[in-house]
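Peer 1: What follows is each chain in one-letter form.
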Amino acid sequence: MPRRIVHWLIGIAIAAGILTVMPLFRVVSLEATQQQAVAAAFDPVAVVDALWTDELREAAGAAVPLPELLTALRADPAAAAANYGRRLGLSGTSAYWVSGRGVITGVDGKAVEIAVDGAGDTRIAIRFGPVFGNAIRDGSALVDVSDFANTRDFNALSVEINRRVESEVLPALADGASVDRVVAFTGGVEIPQGDTLPATLEIVPYRVEFP
Amino acid sequence: MSLERITRRGLVLFLAAGLALGGCSGDDATGSDAADEGPKRVAVVISTLNNPWFVVLAETARDRALELGYEATIFDSQNDPAKESSHYDNIIASGYSAILFNPTDADGSVANVRRAADAGIPVFCMDREINATDAAVSQIISDNYSGAVAVGRYFVEAVGESGKYVELLGLVGDNNTWNRSTGFHSVVDRYEGLEMVAQQSADFDRARALDVLESVLQANPDIDAVFAGNDAMAMGAYQALVAAGKADDVKVFGFDGADDVVRLIAEGKIAATAMQFPKVMARTAAESADAYLGGKRDFEQKMPVAVELVTSDNVGNYGDFGRRQD
Numbered sequence: 001m002p003r004r005i006v007h008w009l010i011g012i013a014i015a016a017g018i019l020t021v022m023p024l025f026r027v028v029s030l031e032a033t034q035q036q037a038v039a040a041a042f043d044p045v046a047v048v049d050a051l052w053t054d055e056l057r058e059a060a061g062a063a064v065p066l067p068e069l070l071t072a073l074r075a076d077p078a079a080a081a082a083n084y085g086r087r088l089g090l091s092g093t094s095a096y097w098v099s100g101r102g103v104i105t106g107v108d109g110k111a112v113e114i115a116v117d118g119a120g121d122t123r124i125a126i127r128f129g130p131v132f133g134n135a136i137r138d139g140s141a142l143v144d145v146s147d148f149a150n151t152r153d154f155n156a157l158s159v160e161i162n163r164r165v166e167s168e169v170l171p172a173l174a175d176g177a178s179v180d181r182v183v184a185f186t187g188g189v190e191i192p193q194g195d196t197l198p199a200t201l202e203i204v205p206y207r208v209e210f211p
Numbered sequence: 001m002s003l004e005r006i007t008r009r010g011l012v013l014f015l016a017a018g019l020a021l022g023g024c025s026g027d028d029a030t031g032s033d034a035a036d037e038g039p040k041r042v043a044v045v046i047s048t049l050n051n052p053w054f055v056v057l058a059e060t061a062r063d064r065a066l067e068l069g070y071e072a073t074i075f076d077s078q079n080d081p082a083k084e085s086s087h088y089d090n091i092i093a094s095g096y097s098a099i100l101f102n103p104t105d106a107d108g109s110v111a112n113v114r115r116a117a118d119a120g121i122p123v124f125c126m127d128r129e130i131n132a133t134d135a136a137v138s139q140i141i142s143d144n145y146s147g148a149v150a151v152g153r154y155f156v157e158a159v160g161e162s163g164k165y166v167e168l169l170g171l172v173g174d175n176n177t178w179n180r181s182t183g184f185h186s187v188v189d190r191y192e193g194l195e196m197v198a199q200q201s202a203d204f205d206r207a208r209a210l211d212v213l214e215s216v217l218q219a220n221p222d223i224d225a226v227f228a229g230n231d232a233m234a235m236g237a238y239q240a241l242v243a244a245g246k247a248d249d250v251k252v253f254g255f256d257g258a259d260d261v262v263r264l265i266a267e268g269k270i271a272a273t274a275m276q277f278p279k280v281m282a283r284t285a286a287e288s289a290d291a292y293l294g295g296k297r298d299f300e301q302k303m304p305v306a307v308e309l310v311t312s313d314n315v316g317n318y319g320d321f322g323r324r325q326d
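Top line first, the protein sequences correspond to chains A and B.
First residue of the first sequence? That's 1 in the numbering used here, and the numbers climb one at a time after it.
First residue of the second sequence? That's 1 in the numbering used here, and the numbers climb one at a time after it.
Any given hint might turn out to be false.
Said to hold, decoys possible - Now the stretches of chain B that chain A is said to cover, found in silico as 3 or more residues with beta-carbon under 8 Å:
| # | region |
| --- | --- |
| 1 | 65 to 71 |
| 2 | 78 to 85 |
| 3 | 143 to 157 |
| 4 | 204 to 211 |
| 5 | 262 to 276 |
Claimed, not checked - Covered by chain B, according to a simulated footprint, are these stretches of chain A (three or more residues, beta-carbon under 8 Å):
| # | region |
| --- | --- |
| 6 | 90 to 100 |
| 7 | 126 to 134 |
| 8 | 140 to 147 |
What the hints contain is simulated information worked out from the structure, not anything from laboratory work.
In this text, all values refer to a predicted model and were calculated from it rather than measured experimentally.
Just so you know, even glycine gets a beta-carbon here, dropped at the ideal spot from N, CA and C.
Work out the full structure: start from the sequences and follow the hints.
Peer 2: Next up, the structure:
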């Protein structure tokens, strides 16, 4: 074989070897790239903007009346959780999206207590803040953790939702709340695992009205 | 030996190597055939075994896979993404049927999971997630954020609304580190009187936490509390406080539910931890892999597992890395 051809073959072989180990480009799936871009650009304020003004407003009409939920929970907690609640993964806590109406029986610097017809022995309260937890995010069932590239983004939604509750809902409640006044509310509530209803249910309100 | 003979040999070797590489890249069928001859094999890839909590996660996953009729092998990544990648090379080349995976890095581990998926090996993440929803079959992960919110609320209750504290972070590339930190701060930062005088990473490691806190105490001898992002670091912090004679004055809060911390909570020496459920997660991952290999395909991509606050009030309900009845 002529020496020049051998050199060419050697050169091609070496180049092929180098390109195999260090390719000039790499094929990446479009979906993977889009996910990375979305994760990098995640803006919880923008997501909650849409959620707050459109989706939660629409969902408000579908909230379960609180007396109906409490009756179901007393009769069969597991069935009530399956019918009305939402559990995140293997969580023991169920979140519910509820509506109610009642008479304010107490107000102090921290919370308002409401007597809701049909609530029985369970006390209903709304704290003036600060708001923690995932009652609205999970209770409304409008977002799915599996749609998020990472749980940091998913959790950032709760932080932003809770901030909205503190800045846009609770001030009106604090201004208008007085004993014997009727108040209507829609919001989320989290109930820990167990067959016993807590003595007090704390509602995290999305909407509060004084009819 | 002439140059021509050398280059001929070189060419032959190169072509042989190429054929061998080609054989490797197309050896799925070979690997499967080999696996079909005996019990299918499941790989358990763990970020580190230098922490009892992860040992429980690994051994429970392995043992459940064995119970389900698989051969199972544990691979220790030693918190090193390069080692983890090397494990994946071996696992893919060896024709394993499934991987139960505890990643070292939420971003960096994604490529490994994709390589396994491309080779037809399903991956099930345990405890820690990866930053992708199209690579693993399912991710069974601790709901760290909610657990840390619970720890934060108890922290305010136990320490009060004013005081100085130190935060020990875990691995900075791990989402769990930040889910715990942001969950904790989403509560504690609402109280202006609570001042964080230092925030340092100790890599989820007990010995590093001991060193870090000893150093922090020199500059800040008057702290009231320590929030550690896992129980190994909580133990290291407690050890530093004992050595400094401050264990009775400084409240330590951990995260994980490790047996030694649960015991110290019962003895009143550590304030609280957040119980994760490594056995639940490991068993669920192994059972999911078994269901997948049996033909099931509809899995939740992310499956958070609740994390529960453990304090002196309820510590009797917990032990052995879970609830007593687990």
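Peer 1: Give me the numbers of the hints this structure contradicts, sorted from smallest to largest.
Peer 2: Per hint list: 1, 2, 4 and 5 violated.
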